[in-house]
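Colleague: Protein chains in written order, with my numbering: chain A, 1252 to 1692; chain B, 189 to 630.
What the hints contain is simulated information worked out from the structure, not anything from laboratory work.
A couple of the hints might just be wrong.
Just so you have them, the derived chain B footprint on chain A, three or more residues with Cβ under 8 Å [claimed, not checked]:
#: 1; region: 1361 to 1374
#: 2; region: 1441 to 1451
#: 3; region: 1518 to 1529
#: 4; region: 1563 to 1576
#: 5; region: 1604 to 1611
If you're wondering where the values come from, they're calculated on a predicted model, not measured in any experiment.
We treat Cβ as the ideally placed atom computed from N, Cα and C, and that holds for glycine.
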Amino acid sequence: MSTPRVSRRDFMRGAAAVGGLTLLGATARGAGKAIKVGLIGCGGRGNGALAQHVNAAKILNDTLSLGIDIQVVATADWFKGKAEGTGKRYGVPKDRCFGGALAYQKLIDAGPDIVLMATSPNFRPVHCLAAAKAGKHVFMEKPVGVDPPGCRTVIEAGEVAAKNGTFIVAGTQRRHQQNYLDSAQACVVEKKMGRLLAGRVAWCMGWIGWSARNPIKPKTPGDMVRTWPNWVALCGDHIVEQHVHNLDVANWRVGHPPRSCAGFGGSFHREAGDMYDFFSLDLDYGDGIHIHSMARQMNGCWNWVGEEFVYEKGVTGGSSGPKPDTSPVPAEIPQKTKEGRGFGGHQQEHINFLYHLVKGKKVFNEARNVAEATAVAVMGRISAYTGQLVRWDDMMKNPKKNPKLYNLTLKPTAKDFETGDVELPTTELPDRSALAVPGKG
Amino acid sequence: MNQETQGASRRDFMRTAAIGTAAFGGFTVLGATAKGQGKAIKVGLIGCGGRGNGALSANVQAGKTLGVDVQVAGAADYFKDRAERTGKKYGLPPERCFSGPDCYRKLLETDVELVLMATAPLFRPLHLEAAVKAGKHVFIEKPVAVDPPGCRRVIAAGELARQKGIVIVSGTEMRHQKPYVDTHQSVVVEQQLGKLYAGRIAFCIGHMFHRSPIKPQKAEDLIRSWQNWIALSGDHIVEQHVHNIDIANWFAGHPPVSAAGFGGRAQRPAGDMFDFFSIDYDYGDGVHIHSMCRQVNGCWNWVGHDFQFAKGRTKGNDGPPPKKSAWPADLPEVRGGHNQEQVNVLYHVLKGKPIEQAKAVAESSATAVLGRVAAYTGEQAAWRDMMEDPKRKPELYNLAVKPSAEDFETGNVAIPEEGEIPIPGTSPGPRRQRPKRKKGKA
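Sequences are here, hints too, so could you generate the full structure?
Modeller: In structure tokens:
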């Protein structure tokens, strides 16, 4: 598919290649390559994703003349004002800017082809499953859940999408970046470095701006939603919210999630909410492979964000190492700006998404990958919070072995926000009783 | 080598030796090399707590194993009653039981030939230095120091001991156990499993030490509760996990290049220490070892080692048999590291084979300190800065705990704040008034 111009017929043929389903379905009919997009979660990341989505179409049109016409048809946010703010920018009429806990459903019903999801992670499983069931293509930000049942729901959504032949693209951007893809191709597929023996992955950085500086004292569910990066129940703690990127790379390199995790963590400097500010985990991937995962959000400390893998023939980073014989990245997919700079993961993931959607070469379904990476982070968090060794099978596969763990559901749940039955936290930092404490006194 | 005394005849010695060693095949352990040496050795103990008494009794037992008459000739402890209690057990007259902060000096002035050291680790560098200067052989419990200057002092004492032909055997017991010695030989020396790629070590167990606040008022309160204080024990990563760290250094062949780490205090009710650490030790050449230690009830526990070599893994004591054992053919193997190390110290003293383990155990202690510094500060700590180059980071190189060992002698002992743990990193800034906390306290 190297033709710079794609006729309507070509496009439809491409789409048919994936299981005979029209990727862009009914809405593409008669509208050329018009793609209707809706955004759920109109915060910073959501607006960024939408802008990058629109820009991805422009990049693809400019380079490959795909003639994609992105039409933003609806926006949704807990706060109607935010939905309208985004809507205004894209000319979305106010009656298609939805607010409230059920905004996501209204948006899905408003008939988009693609739904972009960037709310806080606790809502993702519900939203993702609803969109998949409605036959929508999905781009969803990472992480995709905050607890084991949520992660399983996303896996289920992935299965629904697989049946429908719809896309689920995840915001684990490293899986979309050429340097990561090439390194994984060389090391995992072509085995240029020999056997994998060990590794380290980290997201250790300073204090992050969205951490509240004074106690939040939430009075309404909206207060929780507004300050979501401070609450375990909404973001999963920073190991889930942020470090999931690196854990995803670890899973990718090994080829499967770890068997178990033993971890450590605590909170030194947080001033609000109920989260830790550091984690250090021993992930047992089986066959003697252990990966040390480290996450920290603390000023004045050693910082490292990255991945390092120890192979028989040497050490590589997640994005470095030998060149593959065959790159898995189609040569025609644009990777760089006119000035020769890489687009960056946030932009690249949308380019890849739209390229494949329009070309119809392959269906992206990243639900399982990102759900498993999220679940590894959840496993690490539970291990650090409790001091226990946590087994993957107990948490994700076998409902009977440790039902408490398997069914562990953080409150308030996404559904609680819909019913309005939101239990607000009664304690928070600096009151340390808000924190999980491993072990027993 | 003043153990060749006491007028014991060669025949007497040989007879005793033969009886003592009958248990393991009736062969004379010290055999020909013991020629002309006495059958008795005078042993003194500094630090008459649980570990000290254990070491002494193991030493006496080791004497029996080797056919040597261990004569307990002195006992020293900060507390008079403790020194006398040990003395009484071994029939020592009161004038050979020493107490007070300078008790070690009094003991070293006697005719003891071998000194067992089992005080709080804080005191070890000072005591070892004095013992080596006094020409005594030493068994030194781990860890051997709690800060970088202390570790270097032990290394220096070890060098002096080497020059003087003095035996220093350390209480890093696993180094003395045959399964570890054999595995080290086959895996590290003979490289039967190829290259080392990675590893994990751990000392994760339940709660240890005091269950309620100590509220120390005076120096002796700190000594009595030493396991709870950073200045006296070095924190549990140093006090306990040093065992595994020592095995890591041994199997890597050298101490790490740097450490980055995490730690905190989840449950500990007393003292000023953390109760967990998780450290990434960078041994260079891409080799990282993840060290974990914890003393918290109700958690996952694991004490051990797991090294990933090219051709397989080892726990440090389960490797393939060595082609050529490093274990002396006439060295009896006894059950338990605490016993084996005492057999080994007597063996080396009596064979007249000087051995110097101060450097290795000082490096292991320093490696633990390096990890502790990384966890306390949140910063990456480099071996070179802490141990080798005085100029790059003088505050790290010279980091010295308070109170120091000498402070206990001068009586100028600053009592640490109980419950005031080190805080890594810095607070996010001045937006809100916060009490100023000291960063990176030792």
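Colleague: All hints, please: hold or fail.
Modeller: Cross-check of the supplied hints:
1. 1361 to 1374: violated (count 0)
2. 1441 to 1451: Answer holds; 3 residues pass the 8 Å Cβ test.
3. 1518 to 1529: holds (count 4)
4. 1563 to 1576: With 3 residues in contact (Cβ-Cβ under 8 Å with chain B), the coverage given for the region 1563 to 1576 of chain A holds.
5. 1604 to 1611: Three-residue rule not met by the region 1604 to 1611 of chain A, so violated; n is 0.
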